[in-house]
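Chemist: If you want the building blocks of each chain, they are given just below.
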Amino acid sequence: MSSDNPRQEIYDSTAPSTDTREARMGAGPDDRFNSKLREAFGASPFILTKFDQFMNWVRGNSMFMLQFGIACCSIEMIHTYAIKHDLDRFGAGVPRASPRQADVMIVPGTIVSKFGPRMKRVYDQMPEPKFVVGMGSCTISGGPFQEGYNVVKGAEEIIPVDIHVPGCPPRPEALIYGVAKLQERIRNGETSPVVVKPYELEQFGDLPKDELIQKLADDIDEEDLVMRYNWADSP
Amino acid sequence: MSTELEPQTPEVTENDLEALIGDRALRRDDHLNAPGFVIRPDDVQDVLFDLRDEAGFDHLSCLTAQQYEDRYESIYHMKKYADPTQEVSVVVPTSVDNPVSQSAEPVFRTADWHEREAFDLVGIDYEGHPDPRRILLPETWQGHPLSKDYDQEQPQVVTLAEHANPIQPDHHDEESDTMFLNIGPHHPATHGVLHVKTVLDGETVVDIDPDIGYLHRCEEQMCQQGTYRHQIMPYPDRWDYVSAGLLNEWAYARAAEDLADIEVPEYAQVIRTMGAELCRIASHFLALGTFCLDVYGDFNAVFQYSFRDREVVQDILEDLTGQRLMFNYFRLGGVAWDLPEPRDEFIEKARDFLDELPAKISEYNDLVTGNEIFQVRCNDTGVLEPDLAKSYGCTGPVARASGIDYDLRRDDPYGYYENLDWDVITRQGCDNYARVLCRMEEVEESAKIIEQCLDLLEDWPEDDREIQANVPRTLKPDPDTEIYRAVEGAKGELGIYIRSDGTDKPARFKIRSPCFHNLSSLEEISEGDFIPDLIASLGSLDIVLGEVDR
Amino acid sequence: MIEGTLIQAGDTVLLPERIGDLTGLDQFGLAGELLAAFLAAFIVGNLMLAMTGVAGPWAKRKITAAFTDRIAVNRLGPAGLLIIVADSVRLLSKENIIPENADRPAYDLAPIVVASSALLGFAVIPMGSGIHLADPEVGLVFVFAVAGIASLGLVMAGYSSANKYSMLGGLRAVAQNVAYEIPLVVTGMSVVIFTGSLQMSEIVAVQNQPLVDFGLFAIPAWFAIVNPFAFVLFLLANFAEVGRNPFDTPEAPTEIVAGYQTEYSSVYFVLIYLGEFLHIFLGGAIIATIFLGGPAGPGPEALGIVWFIIKIWGVFLLTQWMRSAVPRVRVDQLIEIGWKGLLVLSFANLILTAIIVGIIQ
Chain X
406 MSSDNPRQEI YDSTAPSTDT REARMGAGPD DRFNSKLREA FGASPFILTK FDQFMNWVRG
466 NSMFMLQFGI ACCSIEMIHT YAIKHDLDRF GAGVPRASPR QADVMIVPGT IVSKFGPRMK
526 RVYDQMPEPK FVVGMGSCTI SGGPFQEGYN VVKGAEEIIP VDIHVPGCPP RPEALIYGVA
586 KLQERIRNGE TSPVVVKPYE LEQFGDLPKD ELIQKLADDI DEEDLVMRYN WADSP
Chain P
166 MSTELEPQTP EVTENDLEAL IGDRALRRDD HLNAPGFVIR PDDVQDVLFD LRDEAGFDHL
226 SCLTAQQYED RYESIYHMKK YADPTQEVSV VVPTSVDNPV SQSAEPVFRT ADWHEREAFD
286 LVGIDYEGHP DPRRILLPET WQGHPLSKDY DQEQPQVVTL AEHANPIQPD HHDEESDTMF
346 LNIGPHHPAT HGVLHVKTVL DGETVVDIDP DIGYLHRCEE QMCQQGTYRH QIMPYPDRWD
406 YVSAGLLNEW AYARAAEDLA DIEVPEYAQV IRTMGAELCR IASHFLALGT FCLDVYGDFN
466 AVFQYSFRDR EVVQDILEDL TGQRLMFNYF RLGGVAWDLP EPRDEFIEKA RDFLDELPAK
526 ISEYNDLVTG NEIFQVRCND TGVLEPDLAK SYGCTGPVAR ASGIDYDLRR DDPYGYYENL
586 DWDVITRQGC DNYARVLCRM EEVEESAKII EQCLDLLEDW PEDDREIQAN VPRTLKPDPD
646 TEIYRAVEGA KGELGIYIRS DGTDKPARFK IRSPCFHNLS SLEEISEGDF IPDLIASLGS
706 LDIVLGEVDR
Chain E
20 MIEGTLIQAG DTVLLPERIG DLTGLDQFGL AGELLAAFLA AFIVGNLMLA MTGVAGPWAK
80 RKITAAFTDR IAVNRLGPAG LLIIVADSVR LLSKENIIPE NADRPAYDLA PIVVASSALL
140 GFAVIPMGSG IHLADPEVGL VFVFAVAGIA SLGLVMAGYS SANKYSMLGG LRAVAQNVAY
200 EIPLVVTGMS VVIFTGSLQM SEIVAVQNQP LVDFGLFAIP AWFAIVNPFA FVLFLLANFA
260 EVGRNPFDTP EAPTEIVAGY QTEYSSVYFV LIYLGEFLHI FLGGAIIATI FLGGPAGPGP
320 EALGIVWFII KIWGVFLLTQ WMRSAVPRVR VDQLIEIGWK GLLVLSFANL ILTAIIVGII
380 Q
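Protein chains in written order, with my numbering: chain X, 406 to 640; chain P, 166 to 715; chain E, 20 to 380.
FYI, nobody ran anything at the bench for these hints, they're computed from the structure. Where hints are given, some of them may not hold.
To be verified - Partial pick of chain X residues on the chain P-facing surface, computed with a CB cut under 8 angstroms:
{"id": "1", "residue": "Gln-472"}
{"id": "2", "residue": "Pro-500"}
{"id": "3", "residue": "Lys-519"}
{"id": "4", "residue": "Phe-520"}
{"id": "5", "residue": "Gln-619"}
{"id": "6", "residue": "Leu-621"}
As the list claims (entries may be wrong) - Derived DSSO-like pairs (lysine-lysine); straight-line CA-CA distance at most 27 angstroms:
{"id": "7", "chain 1": "E", "residue 1": "Lys-183", "chain 2": "X", "residue 2": "Lys-489"}
{"id": "8", "chain 1": "P", "residue 1": "Lys-641", "chain 2": "X", "residue 2": "Lys-489"}
{"id": "9", "chain 1": "P", "residue 1": "Lys-362", "chain 2": "X", "residue 2": "Lys-525"}
Unchecked claim - Far from chain P, some chain X residues (derived; all Cβ distances over 10 angstroms):
{"id": "10", "residue": "Glu-481"}
{"id": "11", "residue": "Pro-549"}
{"id": "12", "residue": "Asp-624"}
Ideal placement from N, C-alpha and C gives every residue a C-beta, glycine not left out.
Could you put the whole structure together from the sequences, leaning on the hints where they help?
Modeler: Here is the structure:
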């Protein structure tokens, strides 16, 4: 399951996934972060900037975490919520069991081939805007289990991660620092999750949404679809 | 040790065993820990039935599967609950072309999961197995990763059609009134990433099927790639990651030390014993806390208090080992370093913790075990009868709460436990409440042990503090030596099987995880109960997925 | 009527009339009255929403933290109070996910039903200081009736989400509410035996008479003091009605994820969450009104609303305490306690009260 060698026989291109992303988004600054409203108003009008700042302040100061335990790091994560470290001081200590009500997903542990799709599903179930904190070495690279036949080499192969907290496991202080850093970045408007905003769908022309989905679904040939456990080479 | 000796089962000598197995033994294949008998693949049930019923080997401790150049081999490690020092290994070789062996499931229920795992990872087929599916890897996985010809580089690609999606709404049975429910792998009460396929009739659990493997981190492969001396030791910490690190490290240390014939200095044994019991306390606190999370709801006080108390234990362990959770403190032949300087301060700190412990435990008793609603919730739910527990290979607090007096610290002594004064806790309740109480009382026993260790350490003569034996830089045990050794981990019997091939890395490293066995009994104890009882039973089994899946 | 005049039971001046009077709206006939009523409802509604706003994101966390030796929010504004703004705006600004298979009108209506049913109940509660929207003769029955509508909302939410956990939660919620609504109402009726009236203002007025007069101070005839047994019964049934420990089975997070609210996000989640807190406060308001003398308390009458809010918060605090320290009962035990325990006890209480009252009179 190593992803060191991209597999020619599956995909023609051996270019790493970043290439695909660049091709999709074009070079230069990501224009997805500029709203239509802003385009219409020209340069940054005062009221929008203030509103953006306010929303950043809001999102950066309060977040519901997803109650999500995977492996060793989840023990330290619980310690972070619990008495001594008390993550709730930063307005980030309410774990919600349902992904529908969560903003931040702390990924605390090793992701293996069987769990990868499930984690992606949970991530997909969270409403926008959502953020991910990768906790521990396993979510960075697979950590001590990197060479395992079954281990996904980092959470970023499956979902976008905003903050990586290294350590095996990171101390609760480190996780708090990671969450505080995430909040700081959100407050400064530096982090913007990968969001599919409605206007990205423009390229599909004037099709209403449902027809669009139908059209895309029709394009898929179910025989060709593959389920794969090596995420790195996925486009 | 003060525990009175229970009536010992009669010692079964090797001659008795030879006579019992008779012609069915093709040859002997002795292991360091036990006599081994090689039998034909179609004699498995026969021989195991005889061993269980005639010779009293009622504990199928572990099943190791492995591949040699010329054959596959399944090894049934058998013990007695009454006296675990009496062991016997049944070795079943099968050919490479047609690796089919008879299933032992009719004899021991625990063989069910074990043989599924052997099929999954090594590729041995078991004839007559009731449920021959993969257990750890996804159903659509190609190849058997611990077999010789497995190519890790091969792409694992399957078409979508082949890949069954368990969340697909095709589980609805038009005819019946039951409902299929996936509990997990992401669910607040599964203590990690366990997936329980549940069939419900209203609120009643009709059928469950625990689906594990969501945290299968290839621990056995990792250990087979590491050198004995240093590279394996960090991994045990990550099996049972609930602060039980030192207990796990001891499992590996004990097996490897016996394999390479290393004598551990007494001083190091005392430190090991103390550290291990601290780990046990931390682990049992977590078990209590998370169980209350299941029964009380989130953000309850007991859960938070138990984590407050764990912090104290973790602080002490951090002083001792340098890490909060993944200690990596044991070395083959001893421990990494002596108690931290200044010693007095450390000992004082540990004593302070022990002094405060009785008050804390009585607080827990007030809040939890004395609470009438809690008692109503936990009494007579999740009942695990002793016979069933034995058949499933349950050990640790789960077995002891079912009245099985089985504790390796006393029955198969290692470390410094023999010389200390403590008791094995057993309870007859067999239910969730008994399991919780059993853990709480074990915390007190552990505190007793630590107290005595601290006294010993304080008075230990300064010029005799040898923390590590002299161990060669590169350990290369004799080729083809095999050993299976177990210690009493936080959750039960944690065993390690190692086969050496003359190099500095083990040829086969098999972990016998107590949680794996305890979890397999979930099906039995929760069917017919309500969903809340299923959740509570799961909590009281105190599983750690890192150890279940390895 | 002039502002600040003492309000006597029986001839209460209700808030809409007073507003109509003050603003001169009552000169415009029916339309004016309607407008005044809307204004009054607006004030009361916002008062209650503001209280939930404080309770939900902030007070609840602080209280739980106090029970578990923690601090909770303290970085944002004084004592973390600004978290209220941050949390509510953030929740409202989130993406609202509607499951594909959701039963649309029901799915959308459920949160509104849950929240509004609780708000409606406050209409007949006399809150002191002249804040009292309506005083129908069947006030107590009205409160129980509208609070009961919440069960409909919960079962709608559970069924329409197309999620099995929601389904289980909805079923549990409705089973629980049905089982505990009867003891609740029956216990409430034992109070009516004392008062002889269902009118809220009447119930409050009866309680304000002194039970024992020591000259310097008098113990008021609060029904919690007159009949503590009924008070405890009512409190218990109320825990089940609002779904808090030991009866928080409908959303039991460790069993069925989040119960009926599993699929709700963003605005809908806020509404359901608000609805839950409103129901706790409504429960508190009913308890305060029929057992704790409503807005009665030391000091001038104008302080009535303060006393009233303190009493409501007292009940709220109790629910949070239970949440921290009491285990949840199993769903079958819950039903058993409801049908075999509380129901019998509440009828026993009713009959005993009737006999005693009959003898006394």
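Chemist: Of the hints stated earlier, which fail here?
Modeler: The structure conflicts with hints 5, 6, 7, 8, 10, 11, although it agrees with all the remaining ones.
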